[in-house]
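Student: One line per chain: the protein sequences are A and B, in this order. For the first sequence, numbering that gives the first Met the number 0 gives the first residue as 0, with consecutive numbering after it. For the second sequence, numbering that gives the first Met the number 0 gives the first residue as 0, with consecutive numbering after it.
You may find that some hints are simply not true.
[Stated by the list, open to error] Just the calculated beta-carbon pair ranges, DEER-fashion: (1) B/Ala129 / A/Ala96: 51 to 61 Å; (2) A/Ala96 / B/Pro23: 46 to 56 Å; (3) A/Pro690 / B/Glu120: 33 to 43 Å; (4) B/Gly15 / A/Gln26: 14 to 24 Å; (5) A/Gly71 / B/Ala129: 30 to 40 Å; (6) A/Asp656 / B/Asp52: 53 to 63 Å; (7) A/Thr688 / B/Ala129: 38 to 48 Å; (8) B/Ala129 / A/Asp689: 54 to 64 Å; (9) B/Gly47 / A/Gly92: 30 to 40 Å.
Simulated from the structure, these hints should not be mistaken for lab results. It should be emphasised that the depicted structure is a prediction, and the values quoted were computed from it without experimental measurement. Glycine included, C-beta positions come from ideal geometry on N, C-alpha and C.
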Amino acid sequence: MSKAERLREIMAAEGAAVEANTQGFNQGRYDSVADLEDYEGLKDEARSIKEDAIERLPELIDQLQETVEANGGTVYVAEDEADANQYMREVVGSDSAKTVVKSKSMTSEEIEVNEALEADGHDVVETDLGEWVLQVADESPSHIVAPAIHKSREAIAELFNDVFEPDEPLETAQELTRFARDMLGERIRDADVGMTGANFVTADTGTMALVTSEGNARKTVAATDTHIAVAGVEKIVPSVDDLQPFVELIGRSGTGQDITSYVSLFTPPVDGPVVAFDDDETPLSAFGDDREFHLVLIDNGRMSMREDDDLRETLYCIRCSACSNVCANFQQVGGHAFGGETYSGGIGTGWEAGIEGLDVAGEFNDLCTGCSRCVDACPVGIDIPWINTVVRDRVNGTSESDLDFLVDGLTPDEEETSPPLQKRFFGNFETVTKMGSALAPVSNWLAGTTLSRQAMDRFLGVDSRRDLPQFQRETLVEWFADRDVTVEDSQRRAVLYPDLYTNHVQVERGKAAVRVLEALGVDVVVPAIASSGRAPLSQGMISTAREHAERVAAELEPHIQNGRDVVVVEPSDLAMFEREYEKLLDDELQEPIAQHSYEVMEYVFGLLENGADPSVLGAGSGERVAYHSHCQQRTLGLEEHTVAVLDRFDFDVVTSDVECCGMAGSFGYKSDYYEVSMAVGDDLREQFTDPETADRTVVASGTSCLEQLDSLLERRPTHPVELLVE
Amino acid sequence: MSIDLQAFEQSLTSVGVAAARVPPDEVAAAIEQFTTGPTVGVSLDRDGVDLPDSVDVDPTAAALEEATTGVTPAAFGIADYGSLVLPSTDGGSELVSLFVDHHVAVLDEADVVPDMKAAFERFARDIPEAYGDAIIATGPSATADMGALVKGAHGPSEVRVVVVEA
């Protein structure tokens, strides 16, 4: 089955349920964090606790071991899954068949402890209702927090009615819950061993925090006399008061609850009577509280991740699922497609690369488009797109292609290894565009023929259902060089950065930007400057991207020295300057670029705020506009500036609230992902074709968004800056 | 009424928990109002505050299984969240608050802290001695795993609070 077919199948079977649930969680997150007085401060605090904890991890493991043993429990540090399972098999014992009840734990999924214990004849029962549904259905989790998110109520009812044949068929969520509670309640009462995960474990007191809603983790511990807790070594934090920011953030970031029903703060072995549930004579207080406690800390690759400068941040992850819920692609396909052996979503790439290996991570890593919406959503500020880029780069290094000769002339990249052909094609898009413009319009005609579209599909995986960009014969730089405009008494001086698309394809928005800036008293130049490196970076070609970044820095430097601001039309390139160049360049090269760069509408906003005269430009006179900002622009916090400027010019603006348009650079062009891209775009199409928006002028900031909207709508979208010159 | 207490009562309402604030001598009556069916409980250990006679204090496990309502003390409340901190006790407080469909918690009005920060100052100071095994419980137990939000998953579907005036 091809990748496209597999994705199509998963979307058809699970897409609707996954979409409804994840989008609900995502909206819940926005609503819930808005109530916090100092959300950003809390995230910073959480981040620094994790940085410190991972830095001091070996020392904290030792401290925790001492503390737990002093409390009367044991700690076992397992090197890998076999080691962990061997230890737990010994704890459970093999003298008789036991019932082991479990509360939800992704780490226990990772090491597949159920299978190990079942092989010894034990009965292992998942008590989280979602996990239990999957155990009954023999399926794997599709989401790290809500594991059965892909199953609708109807599907669960059908499953239960088939398997358990209840007297009255089950139908409502209430009935299904009651049925599961009763079935599992009996198993819990009779259980011998309780197994839990741990969201956090404190080294100072040996206290573990368990974040749950159903109450099954509480019961699992209270009803048994042997408690095994399984946790990755990264779950350790230094002290009890370190738990506070996480307790406030984890529910909000994940399912959008201010706090989940229960946060258990257990300091095992847990107190409280160990009772026999059928005893009708002994009062509860007369039972003893003797419990065995075993904390099994799992390494399984984590200590190596800690030594890996690019994967280390993965260990800060608190498994809240924000990066899954916010991700436009995840919302369509879920964790069965966007996931590996255990972990799914954006951060899943880091986990799977570190725990399972690059081959597993490489299977789903291309579903991350680098839109960066997860960066703001992550409560510990992990640069998840960067982890995906690095893993892609490493995966590229393992691939072999014998078709490289096809693109060698087009692809003067810096890669030491040989990324797949498709990635080299898109990664070297600068060369493609240069040839495209030089040979336009012939290049456009040729590229558009059936024959060449078939060849592009076959060799490059460029989907033939997509319209290709139309290269303009005259680039923005050439157009500008032929003009003779001087701005009298200029208020400011600026370089308009001729990004690849504005220079070669969407030249009109570049011309509009120049005219608007000049009208507002800015002395503008448009020199030829290297492309940002966004194209190779998005293909995981980091060395090539770095080489672009170095050229851009060298070419912009004299202009910045000369007192010019850098105005950027394409938001994905501004995001490169401000975010990714931090990774690609030394601070002394990156910081001046980031400091002096502005998104074009942000710059216009600044000019107006500083007294520029808006009357020289065209006013909207109440024109009704539908605006889709760009994913990376929103992550930079720059959507509001465009809206404010359009307001100022008397446009009536509504905005989309989808996380991403779905095109995301090359993603939507790829045959493997065309249908995912269109499914993501469909949400945007719906928003811009409802009665309130159907007749509005459509504007969008990013090249990709404009191309996607062009394919989704009858109306032709433009860049907002073009509205100001009409 | 203190600002914290006022905020606490508002938060309780927003998480679906009904509360009654009464003087010590009316606690038993207030609890009685909140109980349904066979009721078990653990001793409140507060001077001048009693459980109603109908409550089976320190029940057997079999009585716990039959009970609909469980009455336990709460150590303190967290105003911002409407959370109750439930300590584990030798008398089986954890079992009595969990293996029932209705939980009634009894809390002194002085024992309300404003926010999570203040709550963790207490935990940091008093774990493991006072709150070695404590639950921060907010609203009823719930699940969305069966296709819609359902109150009352493994734990209680109803939670009520009796706040004892100073």
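Student: State for each hint whether it applies.
Tutor: Hint-by-hint comparison with the structure:
no. : hint                            : result
1   : B/Ala129 / A/Ala96: 51 to 61 Å  : 40 Å, violated
2   : A/Ala96 / B/Pro23: 46 to 56 Å   : 52 Å, holds
3   : A/Pro690 / B/Glu120: 33 to 43 Å : 53 Å, violated
4   : B/Gly15 / A/Gln26: 14 to 24 Å   : 20 Å, holds
5   : A/Gly71 / B/Ala129: 30 to 40 Å  : 18 Å, violated
6   : A/Asp656 / B/Asp52: 53 to 63 Å  : 57 Å, holds
7   : A/Thr688 / B/Ala129: 38 to 48 Å : 60 Å, violated
8   : B/Ala129 / A/Asp689: 54 to 64 Å : 56 Å, holds
9   : B/Gly47 / A/Gly92: 30 to 40 Å   : 50 Å, violated
When held up to the earlier numbered hints, the structure conflicts with 1, 3, 5, 7 and 9 and fits the remainder.
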